[in-house]
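Colleague: Sequence:
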Amino acid sequence: MKGINITYDPFLETEVIEIIHAEYVDGFRIHLWFNDGKEHVVDFTPFLEKARNSALKKYRAVREFNKFKLVYGNLDWNDYEMCFPVADLHEGKI
Numbered sequence: 054m055k056g057i058n059i060t061y062d063p064f065l066e067t068e069v070i071e072i073i074h075a076e077y078v079d080g081f082r083i084h085l086w087f088n089d090g091k092e093h094v095v096d097f098t099p100f101l102e103k104a105r106n107s108a109l110k111k112y113r114a115v116r117e118f119n120k121f122k123l124v125y126g127n128l129d130w131n132d133y134e135m136c137f138p139v140a141d142l143h144e145g146k147i
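Heads up, the sequence shown is in my numbering, so the first residue is 54 and it goes up one at a time.
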């Protein structure tokens, strides 16, 4: 009878990264805190300046941009009309 060989693969155990707190800073910048202790300010200006989708253009107005919510660990505008992968926000790349 042969034994069972079990190999531990650390890549299979991945922590789900979530945003635990978000605060509007100014302009189109939001300070984000993540459940792994990381925090930084993400500037959405370059993304919004390049946005061609008419549904997203309205977020170039600060009063609309400010209406974000934190839903299930991610930023959400108007029921996911505008949202970003949490991994990208974690890296500060959008």
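Don't take every hint at face value.
Stated by the list, open to error - Computed cross-link-like contacts, PhoX-like style, restricted to lysine-lysine with a CA-CA straight-line distance of at most 20 Å:
#	residue 1	residue 2
1	K146	K91
2	K91	K120
3	K91	K110
4	K91	K103
5	K110	K120
The set of hints was computed from the structure by calculation and includes no laboratory data.
Colleague: Taking the numbered hints from earlier one at a time, note which ones the structure violates and give those numbers from smallest to largest.
Modeller: 2, 3 and 4
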